[in-house]
Structures are given as C-alpha cells and as structure tokens.
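Enquirer: Add chain B with the ligands to chain A, keeping to what the hints say.
Here the protein sequences come in this chain order: A and B.
Here our numbering is used: the first residue of the first sequence is 1, the next is one more, and so on.
Here our numbering is used: the first residue of the second sequence is 1, the next is one more, and so on.
No lab work stands behind these hints, which were simulated from the structure alone.
Check before you lean on any hint, since a few could be wrong.
Which copy is meant is left open, so a pair is good if it fits within one copy or across any two.
What the hints assert, rightly or not - Straight-line alpha carbon distances no greater than 20 Å define the calculated EDC-like cross-link-like pairs of lysine to aspartate or glutamate that follow:
#1 K367 to D387
#2 K367 to D121
#3 K367 to D233
#4 K382 to D450
#5 K382 to E298
#6 K382 to D363
#7 K382 to D225
#8 K382 to D267
#9 K382 to D224
#10 K367 to D386
#11 K382 to D263
#12 K382 to D121
#13 K382 to D416
Here is what each chain is made of, one letter per residue.
Number of protein chains: 2
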Amino acid sequence: MKLFRPVLFVSGILSFIMVGLLLVPAFFALMTDDEEYSAFFLSSGLAALAGLLFMLPSYGHRFALNARQLYLLTSLSWLSLSFYGALPLMLSHHPLSLTDAVFEAVSGITTTGSTVMSSLDALPHSILLWRSMLQWVGGLGVIGMAVSILPFLQVGGMRLFQTESSDWSEKSLPRFHAMARSLLLVYLGVTLACALSYFAAGMTLFDAINHAMTTVSTGGYATDDRSMGRFSDGILWISVVFMLIGGMPFMLYIRFLNQPNLDVFRDQQAQGFLLLVLALVGLLTLQQLLTTERQPFEVLTHAAFNIVSVITTTGYASTDYTLWGYFSISFFFIVTFIGGCSGSTSGGMKIFRFQLSWLFLRDQMNKLVHPRGIFSIRFNGKAVADDIMVSAVAFSFLFFLILALATLALAATGLDFVTALSGAATALTNVGPGLGDMIGPAGNFAAVSDIGKWILGFTMILGRLELLTVMVLLTPVFWRG
Amino acid sequence: MKLFRPVLFVSGILSFIMVGLLLVPAFFALMTDDEEYSAFFLSSGLAALAGLLFMLPSYGHRFALNARQLYLLTSLSWLSLSFYGALPLMLSHHPLSLTDAVFEAVSGITTTGSTVMSSLDALPHSILLWRSMLQWVGGLGVIGMAVSILPFLQVGGMRLFQTESSDWSEKSLPRFHAMARSLLLVYLGVTLACALSYFAAGMTLFDAINHAMTTVSTGGYATDDRSMGRFSDGILWISVVFMLIGGMPFMLYIRFLNQPNLDVFRDQQAQGFLLLVLALVGLLTLQQLLTTERQPFEVLTHAAFNIVSVITTTGYASTDYTLWGYFSISFFFIVTFIGGCSGSTSGGMKIFRFQLSWLFLRDQMNKLVHPRGIFSIRFNGKAVADDIMVSAVAFSFLFFLILALATLALAATGLDFVTALSGAATALTNVGPGLGDMIGPAGNFAAVSDIGKWILGFTMILGRLELLTVMVLLTPVFWRG
Ligand SMILES: [K+]
Ligand SMILES: [K+]
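Here chain A stands alone, though its shape is the one from the complex (with noise of 0.2 Å):
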C-alpha cells in the first residue's frame, strides 16, 4: 500500500485532468447539433467518479514519490489515459468494441496514429476531435516526461538531458512549476502558430486544429481516410516545418524565450537531426529523379514531406510511398527507426542514441588501434560519463530484441512477414504506418486480429515509454523493493 498510495493519488489527478478534456469535444457536440455529446458527458462523469475513488485513500497524506513509485505512475499513467481515452469509443451511437477502442486510444495518446477507423470524413466531428486531442494530449505528456522523469530515472542513457528540473527534491518544486508553465505555453503556441498557418493556407477551421495538433505532436491521426494527400503542396511544406519543429527539443524553444539568442540552438542533437534531415531528402530526390520521369518540384516536395513525416514519427501520408519502387520501400523502412530528437514529440530510436552510439564506436575502434590512448568522449561540448554512454548504446540491443519479440508474437497471430515485422516496427517507433497492402499506408488496422491489437498496443506503450521504464516493472527486483 506504501508503495500504491501516491500512485493512486496521481492517477487521481490525472482522471480529473481527463474529466476536463472530456468536456471539450462534449461541448463541441453540442454546439454542433452532433449526437455524440451523450457518449463525451458519461464519459467524463464516469472519469470524474473514479478520480474520486482514486484520491479518497489518500485524502490528507503528503507524500513524495521515490524512483519505484515514479516508474509504476509512468506506465500506469499511460494506461490510465489511454482506457479513459477509449470510453467515448465504445459508448459513441456507432460503438467501437473494446479492442478497436482500446486500440485507437493507445494509438492516439502514444501519438502512433495507426487507426482501426476509416471513412473518417463521415465520423461525427466531435469523434475526430477527441482523437487529435489524445495526440496533442500524449505529445505533450511525452516531452514532459522527458524532461522531468526519465532523466531523473537515468533510463536509456536520458540522464544525459538531467536539467535542474529533474530533480525531484522537494525544494525544486517551484522551478518544477515554472517549467511546466513555460512548456504548456510553447506547446500552445506552437500549436496555435501551425493552426493559423494552415488556415492561412486553405484549410477548414476544424481541419486546421485537428491537424495543427496532431502534426505538433507528431501523431499523424488525419480527418480523412487520404491522409495529407488531398491538401495544396503550400500546406505540405508548412506541415514539413511544424513536424520538424515537433521533432526537436522543447527545452530549446523555451531557453529561446528566456533568453531570446539564437545561440541555444545551437545543440549537437537538433543539429545532427536537421543535417541528416537535409541527408536523406537529398539522396531520395536524386534517386528518384534518376529512376522517374517525375517533375523535380513535386519530387522534392513529397520526398521531403514524406520523409519528414516518417523520420518525425508523424507517420502522414501525402501519397502511397511504397508504390515508388523498390527502394524506397527499404528506405522508408529504415527510415522508420531512426525517430526524431529526445525531448521532442517524435518517437524512434532518436537521433541522440546514435549520436553517442557513433561516438562510442569512433571511440572503441580508436582504442582498437592505440590500446593504451585516452580519449573522451564529448557531446554538446561536455564529457560524457560512461554509464550514460553505455545505457544510450546498450538501448539498441534491447529494442531489437522487442522488436524481434513483438514480430514473432505478431506472426503468430497469421500476420505475414512483411505486415509482422513492419506493424511492430511502426508501433514500437510510435510512427503509425506500416507496409503492405493491409497496414501499409494506403490501409489501416481494421483487419488485424484482436489479439494482434493487444501486441501492437503494448507495443506502442513500451516504445513511447522508452522501453525500461516498462520492462522495469517486469524484475522480480522491482517488486522486492
């Protein structure tokens, strides 16, 4: 009980924060003569009587939480979330079954965006609202988390990102508070800049908030089964610079507006992920020019957009990639791994991760040749210990082999090769497509078995969640205490 109390006391505060958010697509109906408002009330009643069930035994207790109940509230507070964001689904006049709820939801708040939902432009709106929101929702909690849990919990080599508000002392608390001021305010902004823009170029209203959300938060959930693909080249390059800006630290718009010198961008991280960005459109531009008769603006265009997209994690489509020959098939499936910057919205691998793997490397073969030299390592122009360094590059051991897992546990469920391998791939990247023509970006997730749904899900979880923060959980170590 020592251990649940403080538990249960967050995951209280977090079912009121969901009453809340419940009430906004609530409203909306409503207001828009849509007969989903009943589905959206109940709902967030039903989140409002658990919050108090939730808060009640620890009614009056303080309390601090230690890196064990840290841990169980991170992954419980995903799957909180994501139950809390399932329940307008199935109690909706077109019903999802639990799976197909269970699954949109984790999809959305992971910012996965692989959805079992098509014909979207029929669903009611205040449905398609509710799933840009757990994707605005769930970007916001991942760069949160990232900057004030994991560090501390040094998982993954993400206590190279240890700020001052990582550290959770009682006496950091107010700076804890202003941080997270200042980093609701930068992602409002942001989000209010990409609506704006879009709507400057063209969009509805209501499709320039749902997809200036879900681009922000690099989640990828579209208003229309065509994805990006119905929209004017200008609104496919403003969406390219708020994926990009999604992609990046948080922590670096918000020294930005502390300190209003383009100085503190400049950032070993957000520099590689932009170099390599500029990389990869280049070489699929080329390659596409030499093997198409395709006009090079165009070319350009979707190569950049599309790779954005995928590298991002956002996991748009403008048009069906996989139909552009072979090697772009091995290339955005590539592609898919490699994810965007830590403290960012995107997913994947990130780019930090194989920023210090590289260096390690560099490093290792230099000691291959003078075993007896010195070297350093520095990233962003300070040493790096070496437990960092080794947990960043020992990350990547660990995620192919759930990767490996979750393709074998996929194939079993009667996937093919392709379809397995590529579905946890993108879940666990949290990108969203896959390939083939079930998953593929053309398709969606309907047809996937229930089971197959769970696997993905969990899948999502573990990839959003940096992958030990979950496997933790599963140590007899962890449960000894």
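Expert: Chain B with the ligands in isolation, oriented as in the chain A frame:
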C-alpha cells in the same frame, strides 16, 4: 613498407597453403577422368608464383606482428584466399564470370554457402569438391582466428576468450604451435567422424566427404540443388549432431582431449546455446503440430534440422521452410541473427553476446531500481570487465547499422524489400539462404546483379571478421598509425 612487409610475408605463406590445397582437386580430377584438372593445376601454379612474389621482399627479415599489422593481415588473408578460391572456377571448361567466381569463393571461404551455381549434380566432381574444401578451410580459419587473433585484438567483446594462446609475444610461440596442432587434429577428427557417419547411413563416399566438410564448417554447400532434402531422416539427425558440434566452441573439445573430464563442457555459452536450440525446436514443433496435420516425428525432424541449420548458420535446407506458413518465415528470419557460439565455425551475432547483453540489461534494470547498489556481472564464474561488456553490447548497434546500410545498398540495385533485407541479413550472419522466391531456400543468387553480388560478398567478409576487424581499416586513425 614497414607496415606491409610482414603482411606480404604471411600472404606468401597463405599462397603456398593454397598451392597445396588446389592440388587436391587437381589430382582428384586426374584420377576420375575429369577434364577440370587443368584449371586446378593452372590455379595452383599461379598461386605458387604469387606466393614467391609476396615472400621475396621480406626474405631473410625477422619480425613480430603488431596489432595494426594483424588487422590488415586478417582482412587481406580472407580477401586473397577468396581470389585464389575463385581462380579454378574462372579457368574451368564452363567458366564463371569474375563476379560469380569471386562471389562463390567468398561465400565458400566465409562458410556462408549462398551459391550462384545450379544443377549442382551435373557439375564436375572436382568443382564440387573444391567448393566443399573452401568451406572446410574457411571453418578452420575462423576458429583459429577466434582463438588466437580476435581476443588479442579485443574486437567486439572477444577479449572474454583471451587465453595463453592469444598472447602474441615470442615466448608463447611453442604454446601457439601446440594449440594450432590440437585444433587441426580435432577439426580433422570431427570431420572424419561426420563423413563416416554419413557414409554408414547411406550416402555415397563422395557425398559423405563433401557434406562432412560443409557440415562441420557450418558452411552449407551441397552437391545437389535439393540440398539435404533428398536424404533419409537418419542422415538428417546425423547432420543435426555434427552441425551442433560445429556450432560449439572448439576450445572445449581441445580441453577435453587434454583432460578427458566432462566438466570442461560446463561452459555457459555452450549450455545456453543447447538450451536455446531445445527451446526453439520445442516451440516450432508445437506451433506446427497445432496448426498443421503433419506427422509428429516428421515435424520434429524437420523442425530440428532446419532450426539447427539456421542457428548454427549452416544454411542447409531439408524442405522449403518458407512454405510452412507465415509464422515460420518470421521465425526463421529472426533465428538467422542469433548464430552459434564464439570459437566455433558459426556466424551470426553469437550466443555469448546475447548472454552478456542480457546480463548487462539485468544489471542496468537493477541499477534503475537501486541506483546505489553494486552488482557484478559474472560469466562462466568470473567477473566480466566493463570494457568487454560494453564492446559486446556495442557490437549489436554496429551490426544493425551495417544491416541497414547493406539493405539500402541492395535495394538500390533493384531488389525488393524482402530480398534486400533477408539477403543482407543472411550475408552478414553467414547463414546462406534468404527469403523470397529469388534467394529463398529453394532459389539461388544467380539472378542478383553483379553489383549486388559484390555488396553481398563484402557483407559476408564483414560478418565473418566480426565487423570491427574490417571497420577499423576504414578509420583515419588506423592509417595515421
Ligand atoms: K505517429
Ligand atoms: K552457412
């Protein structure tokens, strides 16, 4: 020149070894009315000439090899053996192109076993014998390298296997010679036992000798397009036993000879390997019995044979396992990566790296729960030094990085996703067959483009030399000295 002279000298020695080896199929062809004797005698003569040219500049000099020279020598040795191996294939009466001959020889000497040749049963027997001999010599070479060179070079965690024989000082020369002799004897003995077993179970003498050489070396070249599919269940089970023997550390056999006590087999890597094989065979047998109506013993035989064939990276096929349903395709693809034990003839990532990575992850997770706890990682009863741990773990990052690059390169030559990915994987792990109609267990590599074959051949050598041995040659610091 100081760097190259000893390298040239050792290349000369290797050339003369090849002179001797080439004389075997030459005399065999003479004795069996096979017109290919000329190709082998001519190749042998060319090798002798090259050997003289290599040795002349260093005649009369004394030298000891340093780490840089060992790296260069190791990579060059495999390259030069491949070219000597290709010579008779180009000089035969039905000559292969340079690309095809080098591909076949690289695939042989690295014990990969991917082939561009078909209608094998119609080929001259001397050519078949030469292909088998290449694999047999390659298998011996890789054990020798793993025992004596790689632990000294500290590549990819191999320092774990450091013994007195991997000490390259002058005083250890007699010990080194004794070790080399024991290894050769054990390898010969195991091959002889395998050949006799095959012969007793009904193979022709020629088939028995050839398959013994490609079984013990986990190479996988066969003398018929049907691979092992045409043999009895008894032969398949004999093959299982000797593939497993080939996939275990040969040091154990040598220790057993010096000290006949079963305790020498209490080796954590060998035991983990055998347990994993048992678990995988059990899993696949169960899955096949649950989903098909095949006979239990037939299922068990083919599951055991094909799993042992893939995990030891032999690459024989008894049936086309890609026709066993979707699960088995994903299953065999993933088993491809595992590989056998270090110090065996197997390729792949190797059991000890999974064991060390797993121990490392457990340690990391313990530290996540108890940040100030002290945990020590023990393997085979001894504490594992941090640097060994870390370089074993880092190996998997480099492995998947090279896999991604090779896949992209192959896709750029026009191969589809499954062929490119499985081709890169099967080359890097030295298994042999890939997935898909083209390069799957029922196909061969003849239709791959020339540039694709060179990419695959280079990938095989990278895999065979544990990646870093070759990669280090690509660093500027290596050449700066
Ligand atoms: K996404
Ligand atoms: K092989």
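Enquirer: Please go over all the hints and tell whether each is borne out by the structure.
Expert: To see whether the hints hold, each was checked on the structure:
no., hint, result
1, K367 to D387, "both (18 Å within a copy, 11 Å between copies)"
2, K367 to D121, "neither (59 Å within a copy, 49 Å between copies)"
3, K367 to D233, "neither (50 Å within a copy, 50 Å between copies)"
4, K382 to D450, "neither (48 Å within a copy, 46 Å between copies)"
5, K382 to E298, "neither (42 Å within a copy, 61 Å between copies)"
6, K382 to D363, "within (16 Å within a copy, 26 Å between copies)"
7, K382 to D225, "neither (47 Å within a copy, 58 Å between copies)"
8, K382 to D267, "within (12 Å within a copy, 42 Å between copies)"
9, K382 to D224, "neither (46 Å within a copy, 60 Å between copies)"
10, K367 to D386, "both (15 Å within a copy, 14 Å between copies)"
11, K382 to D263, "within (16 Å within a copy, 50 Å between copies)"
12, K382 to D121, "neither (50 Å within a copy, 63 Å between copies)"
13, K382 to D416, "neither (46 Å within a copy, 43 Å between copies)"
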